[in-house]
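**Q** If you want the building blocks of each chain, they are given just below.
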Amino acid sequence: DGGITQSPKYLFRKEGQNVTLSCEQNLNHDAMYWYRQDPGQGLRLIYYSQIVNDFQKGDIAEGYSVSREKKESFPLTVTSAQKNPTAFYLCASYEGWGTEAFFGQGTRLTVV
Amino acid sequence: DAKTTQPNSMESNEEEPVHLPCNHSTISGTDYIHWYRQLPSQGPEYVIHGLTSNVNNRMASLAIAEDRKSSTLILHRATLRDAAVYYCILRPAGGAITGTASKLTFGTGTRLQVTL
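Chains A and B are the protein sequences, given in the same order.
According to the numbering used here, the stretch in the first sequence is residues 1 to 112, in order.
According to the numbering used here, the stretch in the second sequence is residues 1 to 116, in order.
Just so you know, the hints here were simulated from the structure itself, not pulled from any lab data.
Please note: incorrect hints may appear among the correct ones.
[Unchecked claim] Taking lysine-lysine and the DSSO-like style, the derived pairs with C-alpha atoms no more than 30 Å apart in a straight line are:
id	chain 1	residue 1	chain 2	residue 2
1	B	K3	A	K57
2	B	K103	B	K69
3	A	K70	A	K9
4	A	K57	A	K70
5	A	K57	A	K9
6	A	K71	B	K103
7	A	K57	A	K14
8	A	K57	A	K83
9	A	K83	B	K69
10	B	K69	A	K70
11	B	K69	A	K14
12	B	K103	B	K3
13	A	K71	A	K9
14	B	K3	B	K69
15	A	K71	A	K57
16	B	K69	A	K9
17	A	K83	A	K14
18	A	K83	A	K9
Note that the structure is a prediction, hence the values are computed from the model and not measured.
Next comes chain A alone, as it looks inside the complex:
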């Protein structure tokens, strides 16, 4: 079955450390997205990529970095520069304006 896989589901990080969240899709979608969700809040766009080897900043890109070396993969690195990294991170992919968006199961990152 086609879908998006995020790993790990839970992640703990010490302050000052970088950490990378994985996102893989086998839907053959060109466009992939990273969102952040805080408790009781909506989704905020961190980065997106609409084609391999290209990506763009979203609304809250500071303290994050991404790469898109393969169509299937869009990893997100939370750097030590991100002041408040504890959150639920969601990866999504979708094609076409009116079509269904697919989300991964999310990674809950906690800074300890």
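With chain A fixed as given, assemble chain B onto it according to the hints.
**A** The following block gives chain B in isolation, referenced to the frame of chain A:
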């Protein structure tokens, strides 16, 4: 961005129908109305979408007002597994996705509680 307005929370008894409203008074003629739901600690999942006509699928029905300024997601028989946050969002139709206009604008949605 065209915005949507939903009640913060709703309650339903199991096995009863649930009508989840959404107002989108600034919707443009080319916006699709999408509904997603998010179960606790999971990513959002697609429920249904429509443009002008009412739509049905195995999960739910979508009733769209004639002027398209509001819509209602209908769960015909709520179960405990339907307890989730339901989001109504708008997505433009036509053409290729470009730029940040392609982002999905999820607000805080409606938290549906289902009780026995």
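**Q** Work down the list of hints and note, for each, if the structure agrees.
**A** Taking the hints in turn, this is what the structure says about them:
Proposed proximity of K3 (chain B) and K57 (chain A) is supported: the alpha carbons are some 22 Å apart, at most 30 Å. A C-alpha spacing of about 21 Å is found between K103 (chain B) and K69 (chain B), which places the hinted pair at or below 30 Å, so the restraint holds. Between K70 (chain A) and K9 (chain A), the direct Cα distance comes to roughly 22 Å. Compliance with the 30 Å bound is thereby established for this hinted pair. With a C-alpha separation of about 18 Å, the suggested pairing of K57 (chain A) with K70 (chain A) holds against the 30 Å cut-off.
Restraint check: the Cα-Cα separation between K57 (chain A) and K9 (chain A) comes to about 24 Å, which is no more than 30 Å; the hinted pair holds. A hinted pair counts as satisfied when its Cα atoms are at most 30 Å apart, and K71 (chain A) with K103 (chain B) qualifies at roughly 19 Å. With a C-alpha separation of about 25 Å, the suggested pairing of K57 (chain A) with K14 (chain A) holds against the 30 Å cut-off. Taking the CA atoms of K57 (chain A) and K83 (chain A), the gap is near 17 Å; set against the 30 Å cutoff, the hint holds.
At most 30 Å may separate the alpha-carbon atoms for a hinted pair to count; K83 (chain A) and K69 (chain B) exceed this at roughly 40 Å. For a cut-off of 30 Å, the pair hint linking K69 (chain B) to K70 (chain A) is broken: about 41 Å separates their Cα positions. At roughly 47 Å between alpha-carbon atoms, K69 (chain B) and K14 (chain A) are farther apart than 30 Å, so this suggested pair is violated. With a CA separation close to 13 Å, the supplied pair K103 (chain B) and K3 (chain B) stays within the 30 Å bound.
The hinted pair formed by K71 (chain A) and K9 (chain A) meets the criterion: a straight-line CA distance of about 22 Å does not exceed 30 Å. This hinted pair checks out: K3 (chain B) and K69 (chain B) have alpha carbons roughly 11 Å apart, not beyond 30 Å. Distance hint between K71 (chain A) and K57 (chain A) is fulfilled; the C-alpha atoms sit about 18 Å from each other, no more than 30 Å. Between K69 (chain B) and K9 (chain A) the CA atoms are separated by roughly 38 Å; this puts the pair beyond 30 Å, and the hint is violated.
Of the pairs offered as hints, the one joining K83 (chain A) and K14 (chain A) holds, with about 12 Å between alpha carbons and a cut-off of 30 Å not exceeded. Annotation: proposed proximity of K83 (chain A) to K9 (chain A) holds, straight-line Cα distance about 21 Å (limit 30 Å).
The structure does not agree with the numbered hints 9, 10, 11 and 16 stated previously, though it agrees with the rest.
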